[in-house]
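Chemist: Sequence:
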Amino acid sequence: MKNFLLAAIFLGMATAIPNIALGHTDEYLATVDAPHGGQLRMAGPFHLELVAKDGELELYVTDHMDNEIPTAGGSGKANVFDETGERLSVPLTPVFGNLMKGAGEFRITPETVVSVFVVLEGYETQGARFTPLASKSTAEESAHEHHGHDHHHGDDHNNHGSHEEDE
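With the sequence shown counted from 1, adding 1248 to any position gets you my numbering.
It should be emphasised that the hints constitute simulated quantities derived from the structure, not laboratory data.
A quick note: this is a predicted structure, and the numbers were derived from the prediction, not measured.
Mixed in with the good hints, there may be bad ones.
[To be verified] With a Cα cut of at most 20 Å, we get these calculated SDA-like pairs of lysine to any residue:
| # | residue 1 | residue 2 |
| --- | --- | --- |
| 1 | K1301 | N1346 |
| 2 | K1349 | T1332 |
| 3 | K1301 | R1335 |
| 4 | K1349 | N1327 |
| 5 | K1349 | L1336 |
| 6 | K1301 | V1343 |
| 7 | K1325 | R1355 |
| 8 | K1349 | S1337 |
| 9 | K1301 | T1273 |
| 10 | K1325 | V1280 |
| 11 | K1301 | A1320 |
| 12 | K1349 | E1275 |
| 13 | K1349 | T1279 |
| 14 | K1325 | T1341 |
| 15 | K1325 | N1346 |
| 16 | K1301 | D1281 |
| 17 | K1349 | T1273 |
| 18 | K1349 | F1294 |
| 19 | K1349 | D1311 |
| 20 | K1325 | E1353 |
| 21 | K1325 | V1299 |
| 22 | K1349 | V1367 |
| 23 | K1301 | G1321 |
| 24 | K1301 | S1337 |
| 25 | K1349 | A1320 |
| 26 | K1301 | Y1276 |
| 27 | K1349 | D1302 |
| 28 | K1325 | G1352 |
| 29 | K1301 | Y1371 |
| 30 | K1349 | P1283 |
| 31 | K1325 | Y1371 |
| 32 | K1325 | Y1276 |
| 33 | K1301 | D1311 |
| 34 | K1325 | D1281 |
| 35 | K1349 | G1285 |
| 36 | K1349 | Y1276 |
| 37 | K1349 | R1335 |
| 38 | K1325 | M1313 |
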């Protein structure tokens, strides 16, 4: 009976893990209503939510179970690319809880792309790419294209310590 119970638990875990992993792709996160109305992306052990307005960025950090990850002692950087490809670097600083903020002279349009890099104590540098005003279907297509064709620029799920200037 004990062996049967262990086998049942193992089988249950083995079938649940792929379903959990599927729930954390950028394609899936593009269909989820984010808690603060922003866009969600996966970045290593984190879910990052970017809320972008003209001149202001807010970045919320959670784990894969949506638990807040404290940002105190951490740092971040956002590269905001306008429709012409011009880049503006915006420092992100911890505010409180799981929130980091940054500000600068930029406008958010449907063509804006924001690459975010975050360094938190106890974790490796993580990064993600956002299209904050993209419709859900456009965001899904962008995430799909990014994973299919942009590997030479680095994958959003890998460390980005040396790729900051590439983005």
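Chemist: Compare the distance between the alpha carbons of K1301 and T1273 with 20 Å, and conclude whether the hinted pair is satisfied.
Modeler: Answer violated: K1301 to T1273 is near 25 Å, above 20 Å.
Chemist: Is the Cα-Cα distance between K1325 and V1280 20 Å or less?
Modeler: Answer violated: K1325 to V1280 is near 24 Å, above 20 Å.
Chemist: Are the Cα atoms of K1349 and R1335 separated by 20 Å or less?
Modeler: holds, 18 Å
Chemist: Between K1325 and R1355, is the straight-line Cα distance small enough, at 20 Å or below?
Modeler: Status holds; Cα separation ~17 Å.
Chemist: Is K1349 within 20 Å of S1337, Cα to Cα?
Modeler: Holds: K1349 and S1337 sit about 13 Å apart, inside 20 Å.
Chemist: Would the pair K1301 and D1281 pass a check requiring their Cα atoms to be no farther apart than 20 Å?
Modeler: Distance of about 17 Å is within 20 Å: holds.
Chemist: Is K1301 within 20 Å of Y1371, Cα to Cα?
Modeler: violated, 28 Å
Chemist: Holds or violated: K1349 and Y1276, Cα atoms, limit 20 Å.
Modeler: Roughly 25 Å separates the two Cα atoms, so the pair is violated.
Chemist: When you check the alpha-carbon spacing of K1325 and T1341, does it fall within 20 Å?
Modeler: Measuring from Cα to Cα gives roughly 8 Å; hence the hint holds.
Chemist: Check the hint pairing K1325 with E1353 against an upper bound of 20 Å on the C-alpha distance.
Modeler: holds, 15 Å
Chemist: Does the structure keep K1325 and G1352 at a Cα separation of 20 Å or less?
Modeler: holds, 12 Å
Chemist: Take the C-alpha atoms of K1349 and T1273, compute the straight-line distance between them, and say whether it is at most 20 Å.
Modeler: Violated: K1349 and T1273 sit about 24 Å apart, past 20 Å.
Of the numbered hints given earlier, the model fails hints 2, 9, 10, 11, 12, 13, 17, 23, 26, 29, 32, 33, 34, 36, 38; all others are met.
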